[in-house]
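Protein chains in written order, with the numbering used here: chain Z, 1 to 109; chain X, 1 to 109; chain B, 1 to 109.
Hints are not guaranteed to be accurate.
Identical copies look the same in the list; a pair holds intra-copy or inter-copy alike.
[Said to hold, decoys possible] Below, simulated DSS-like cross-link-like pairs (lysine-lysine); rule was C-alpha separation at most 30 Å, straight line:
| no. | residue 1 | residue 2 |
| --- | --- | --- |
| 1 | K61 | K11 |
| 2 | K61 | K29 |
| 3 | K2 | K29 |
It should be emphasised that the hints constitute simulated quantities derived from the structure, not laboratory data.
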Amino acid sequence: MKMIIAIVQDKDSNRLSNLFIEANIRATKLSTTGGFLKSGNTTYMIGIEDERVDEVLELIKDSSRTRQQFMTPPVNLDATMDATASYPVEVQVGGATVFVLPIDSFLQF
Amino acid sequence: MKMIIAIVQDKDSNRLSNLFIEANIRATKLSTTGGFLKSGNTTYMIGIEDERVDEVLELIKDSSRTRQQFMTPPVNLDATMDATASYPVEVQVGGATVFVLPIDSFLQF
Amino acid sequence: MKMIIAIVQDKDSNRLSNLFIEANIRATKLSTTGGFLKSGNTTYMIGIEDERVDEVLELIKDSSRTRQQFMTPPVNLDATMDATASYPVEVQVGGATVFVLPIDSFLQF
Ligand code: NI
Ligand code: NI
Ligand code: NI
Chain Z
1 MKMIIAIVQD KDSNRLSNLF IEANIRATKL STTGGFLKSG NTTYMIGIED ERVDEVLELI
61 KDSSRTRQQF MTPPVNLDAT MDATASYPVE VQVGGATVFV LPIDSFLQF
Chain X
1 MKMIIAIVQD KDSNRLSNLF IEANIRATKL STTGGFLKSG NTTYMIGIED ERVDEVLELI
61 KDSSRTRQQF MTPPVNLDAT MDATASYPVE VQVGGATVFV LPIDSFLQF
Chain B
1 MKMIIAIVQD KDSNRLSNLF IEANIRATKL STTGGFLKSG NTTYMIGIED ERVDEVLELI
61 KDSSRTRQQF MTPPVNLDAT MDATASYPVE VQVGGATVFV LPIDSFLQF
């Protein structure tokens, strides 16, 4: 068994939770902030058999890897207070930080 | 020293916190959700001497092991809108998931 | 790489967060309660290269070590309802509990 601790962006966490449920992987969720990922994030704690570690990592990677996304910024008002056109800009979203930890024992009562 | 991470059901956590206090075991509590246990749950982080690991596991097991409990469901209204008798049913409550982790060092400042 | 889990008092956590930012150390924050430190506390999870572990421990120690502080208790009213003088008393604040954990792997997507 291994313990996997994964920190993902809040906006990716619903998708990841669903993937875990489909794959019958039990994950405990913690609400966390800052640090590795700039915006609000969610941390998952997972206990998993050694032979399924890669499967879990694949799910995390697929649902949260860094990607470019177009976002339209709010309308700008220039110095003359005329509204200027607001063009979509490309921003980076997603990203996950993952620790795989050795464990001495894993018990369920 | 070992680090013990224990996820227990919210309804078992007061009892466990009291057992830890009585046994002079310092545990830090995190509010967590879903995953290993269906309902709301509480996660404890504990730093403990190797020779006291079994004692901690025993306390967790005693306060939160899976058990059957009778619960009376809310009154049912059948198709004719007559209230039918609501009988107590047996449900499973409790349960804990525990990780024992090796640590390189444990420090207090 | 190592994983450092540090539990510090809430009142020391702003200072520590700033030190981490200055030193370019990415830390994820969890809100935690009780246990090692009596009052509200904050837990940090940090992934760090082996050669920087001591630097992180130094920052934690510097920002949160146990120290004496003078505090003026609220005014007392004695039995005759006369306000008696309230003298500053020395109280112990701060303190941190730190786990350094080995990790099998550390990934960023
Ligand atoms: Ni294993
Ligand atoms: Ni040990
Ligand atoms: Ni290492």
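Going through the hints against the structure:
Taking identical chains as interchangeable, the C-alpha atoms of K61 and K11 lie at most 30 Å apart only when both belong to the same chain, with a minimum of 14 Å there against 35 Å between chains. In the homo-oligomer, the alpha carbons of K61 and K29 lie at most 30 Å apart both inside one protomer (17 Å) and across protomers (22 Å), since each shortest distance falls under that limit. For the homomeric pair K2 and K29, the shortest alpha-carbon distances inside one copy (17 Å) and between copies (22 Å) are both at most 30 Å.
Violation of the numbered hints given earlier is absent; every hint is satisfied by the structure.
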